[in-house]
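Every letter in the sequence shown is one number past the one before it in my numbering, and letter 95, counting from 1, is 98.
No lab work stands behind these hints, which were simulated from the structure alone.
Bear in mind the structure is a predicted one, so any value in this text is a computation, not a measurement.
All C-beta atoms in this analysis are idealised placements derived from N, C-alpha and C, irrespective of residue type, glycine included.
Misleading hints may appear alongside valid ones.
Claimed, not checked - Dumping the calculated PhoX-like pairs for lysine-lysine here, alpha-carbon to alpha-carbon at most 25 Å: (1) K53 to K108; (2) K47 to K12; (3) K258 to K273; (4) K53 to K12; (5) K24 to K47; (6) K12 to K24; (7) K125 to K53.
Said to hold, decoys possible - For each label pair, taking beta carbons as the anchor points, the in silico distance ranges come out as: (8) E211 to Q152: 44 to 50 Å; (9) F33 to N200: 41 to 47 Å; (10) H48 to Q193: 50 to 56 Å; (11) F55 to H11: 39 to 45 Å; (12) L189 to K108: 50 to 56 Å.
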Amino acid sequence: MTVFAGCHKEESVVAIRSECKTLPGTLVAFQLDISSDKSVDDAKHLVETKLFEMNQDLYAVVNNAGASGVNFYDEFLSLADYRDVMEVNFYGVLRVTKAFLHLIKASRGRIITCLTGFCFVKFPGIAPYSASKTAVHAYCEVLRTEMRQFGVKVVTIFPGTFQTPIADPERVINFVKMAWNNADELLKEQYGEKWINQVCEIVRRYGEAGDKDISWVVNDYFHAITAKYPSDNYVEGIDATLYFTPYFYLPNILKQLLMDAYFWVLHVPKPACLEK
Numbered sequence: 004m005t006v007f008a009g010c011h012k013e014e015s016v017v018a019i020r021s022e023c024k025t026l027p028g029t030l031v032a033f034q035l036d037i038s039s040d041k042s043v044d045d046a047k048h049l050v051e052t053k054l055f056e057m058n059q060d061l062y063a064v065v066n067n068a069g070a071s072g073v074n075f076y077d078e079f080l081s082l083a084d085y086r087d088v089m090e091v092n093f094y095g096v097l098r099v100t101k102a103f104l105h106l107i108k109a110s111r112g113r114i115i116t117c118l119t120g121f122c123f124v125k126f127p128g129i130a131p132y133s134a135s136k137t138a139v140h141a142y143c144e145v146l147r148t149e150m151r152q153f154g155v156k157v158v159t160i161f162p163g164t165f166q167t168p169i170a171d172p173e174r175v176i177n178f179v180k181m182a183w184n185n186a187d188e189l190l191k192e193q194y195g196e197k198w199i200n201q202v203c204e205i206v207r208r209y210g211e212a213g214d215k216d217i218s219w220v221v222n223d224y225f226h227a228i229t230a231k232y233p234s235d236n237y238v239e240g241i242d243a244t245l246y247f248t249p250y251f252y253l254p255n256i257l258k259q260l261l262m263d264a265y266f267w268v269l270h271v272p273k274p275a276c277l278e279k
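Could you build all of it, start to finish, from the sequences and the hints given here?
Written out as structure tokens, the structure reads:
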């Protein structure tokens, strides 16, 4: 099997080459910034050239890159915070998919995209991330219908909470504190120091409770790429399977009641101005 691996950082290119040098097959690793039109165009040219030289077809495109960005309550965020996440999570997927779709159509292959269990449940404080992934979900649903007539399969994967670098609690808390520090004093006074401190603690506990075994998701990727009849959707993780997915189908009034109960269990505080 030949694998083209686009990595955001040069050190990741070096690392994956070292890790895979003893494995069978061919690895072509290169630096790729999916938020850049030029970088994606360069990757397209590289892949097309290599495929021609090897007389091979491209059978699968895996959209795995993602960014969490600055996620916090909407009042503390700017439009730029939303644009930055959309540029990677939504437009990045579009750039890559549109760049290679003609090759996938020719091979009757498949487009595989990593989404999130948060497409099913919209927790407060993650609006940019949830909005960007939900937009990609809609795009993939439409593309699946459009491409079916060409024999192309569009697969989506919905992981729950896993302990990955993007969900590292300290990293997320740093973003939260940055948004808090950049807010005007009146807004910070409305919410209060007690509120922000408790929110950071909840973020820490939630992140540390994530599943450490990401092999579940890796296995989904492998099955989606190699199976003759892959699933349209893969939902992975205890929270995504047992909680997020059923929650999605509930009426709104039950959703809100469950969210209120969840807040009570986690001891999510109210803003200071509502405590008076």
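Item to check | Numbered hints the structure breaks, given as an ascending list | outcome: Violated hints: 7, 11; rest satisfied.
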